[in-house]
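K.L.:
Given the sequences, and given the hints that come with them, work out the whole structure.
Counting in this note's numbering, the sequence shown runs from 2 upward without gaps.
Simulated from the structure, these hints should not be mistaken for lab results. Glycine residues also receive a C-beta, built at the ideal position from the N, C-alpha and C atoms. Certain hints may be false.
What the hints assert, rightly or not - DEER-style ranges, computed between Cβ atoms:
1) Met61 with Asn35: 19 to 25 Å
2) Ala60 with Val91: 44 to 50 Å
3) His47 with Glu123: 52 to 58 Å
4) Arg74 with Arg98: 33 to 39 Å
5) Leu88 with Leu124: 53 to 59 Å
6) Arg74 with Asp94: 26 to 32 Å
7) Asp62 with Arg18: 42 to 48 Å
8) Glu19 with Leu124: 24 to 30 Å
9) Tyr26 with Ser116: 23 to 29 Å
10) Glu83 with Val122: 34 to 40 Å
To be verified - Dumping the calculated DSS-like pairs for lysine-lysine here, alpha-carbon to alpha-carbon at most 25 Å:
11) Lys70 with Lys80
12) Lys103 with Lys137
13) Lys140 with Lys97
14) Lys86 with Lys97
15) Lys80 with Lys115
16) Lys90 with Lys103
17) Lys105 with Lys90
18) Lys90 with Lys80
19) Lys80 with Lys39
20) Lys76 with Lys90
21) Lys86 with Lys32
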Amino acid sequence: MSTIEKTSLSEVLSMYRELQEETEYYETLLKEINVQWKINYGLLAHNPSPNGGGYIPVAMDITAGHMDKLMDRYKRVEKALEINKRLMKVSEDLLKRFDGLKYKVAYARFVEGKSLMEIAVELNYSYDHIRRVMSKINKNLEKEEATYMPHTY
Numbered sequence: 002m003s004t005i006e007k008t009s010l011s012e013v014l015s016m017y018r019e020l021q022e023e024t025e026y027y028e029t030l031l032k033e034i035n036v037q038w039k040i041n042y043g044l045l046a047h048n049p050s051p052n053g054g055g056y057i058p059v060a061m062d063i064t065a066g067h068m069d070k071l072m073d074r075y076k077r078v079e080k081a082l083e084i085n086k087r088l089m090k091v092s093e094d095l096l097k098r099f100d101g102l103k104y105k106v107a108y109a110r111f112v113e114g115k116s117l118m119e120i121a122v123e124l125n126y127s128y129d130h131i132r133r134v135m136s137k138i139n140k141n142l143e144k145e146e147a148t149y150m151p152h153t154y
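P.N.:
In structure tokens, the structure reads:
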């Protein structure tokens, strides 16, 4: 039996949720880097004269150097985001391999982002039953995550 076949649902879901959070972080970071780059580009393109009033002129070589650093950082974050998205795809494929109601509910909820009502209708179960199944999944996830989380005092 391979390591993948031994992996529990809660481990895969925990990994998927962590990858989702990291992906959102990287996407936000890319937007922030892009904004910083545009600000620096504006400084470079419209650098005020020393007596122009209002703005403090910035040396063009400093601004250009900062833009180069931003571009390097953008490329590194973009690469990390790409890797994260590939890992999320692997996690999704792994989640599809599980059988049974709880796996279908977990996939629909965490990967497809469906509401419990949508899942109930799709799988032809009552809302209350799907809610109970989801509650059990969440409890298992909390236990799984608690084993990996260091205690802080």
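K.L.:
Just to be careful, I want the Cα atoms of Lys105 and Lys90 compared with a cutoff of 25 Å; is the pair within it?
P.N.:
holds, 17 Å
K.L.:
Does the alpha-carbon distance linking Lys103 and Lys137 stay inside the 25 Å limit?
P.N.:
holds, 9 Å
K.L.:
Measure nothing beyond the straight line between the CA atoms of Lys80 and Lys115; if it is 25 Å or shorter, mark the hint as holding.
P.N.:
violated, 29 Å
K.L.:
With the threshold set at 25 Å, check whether the alpha-carbon distance from Lys86 to Lys32 stays at or below it.
P.N.:
holds, 17 Å
K.L.:
Look at the Cβ atoms of Glu83 and Val122 and judge whether their distance stays inside 34 to 40 Å.
P.N.:
With Cβ atoms ~35 Å apart, the hint holds.
K.L.:
Using the C-beta atoms of Leu88 and Leu124, is the stated range 53 to 59 Å upheld?
P.N.:
For Leu88 and Leu124 the Cβ distance comes to about 27 Å; the hint is violated.
K.L.:
Take the C-alpha atoms of Lys140 and Lys97, compute the straight-line distance between them, and say whether it is at most 25 Å.
P.N.:
holds, 21 Å
K.L.:
Quick one: are Arg74 and Asp94 within 26 to 32 Å, going by C-beta?
P.N.:
holds, 31 Å
K.L.:
Take a look at whether the Cβ-Cβ distance between Arg74 and Arg98 falls inside 33 to 39 Å.
P.N.:
holds, 37 Å
K.L.:
Between Lys70 and Lys80, is the straight-line Cα distance small enough, at 25 Å or below?
P.N.:
Distance of about 15 Å is within 25 Å: holds.
K.L.:
Could you say whether the range 44 to 50 Å given as a hint is met by the Cβ separation of Ala60 and Val91?
P.N.:
holds, 47 Å
K.L.:
May I ask you to test the hint 24 to 30 Å on the CB atoms belonging to Glu19 and Leu124?
P.N.:
Given about 26 Å between the Cβ atoms, the range holds.
Violated hints, listed in ascending order, are 5, 15; each of the other numbered hints is respected by the structure.
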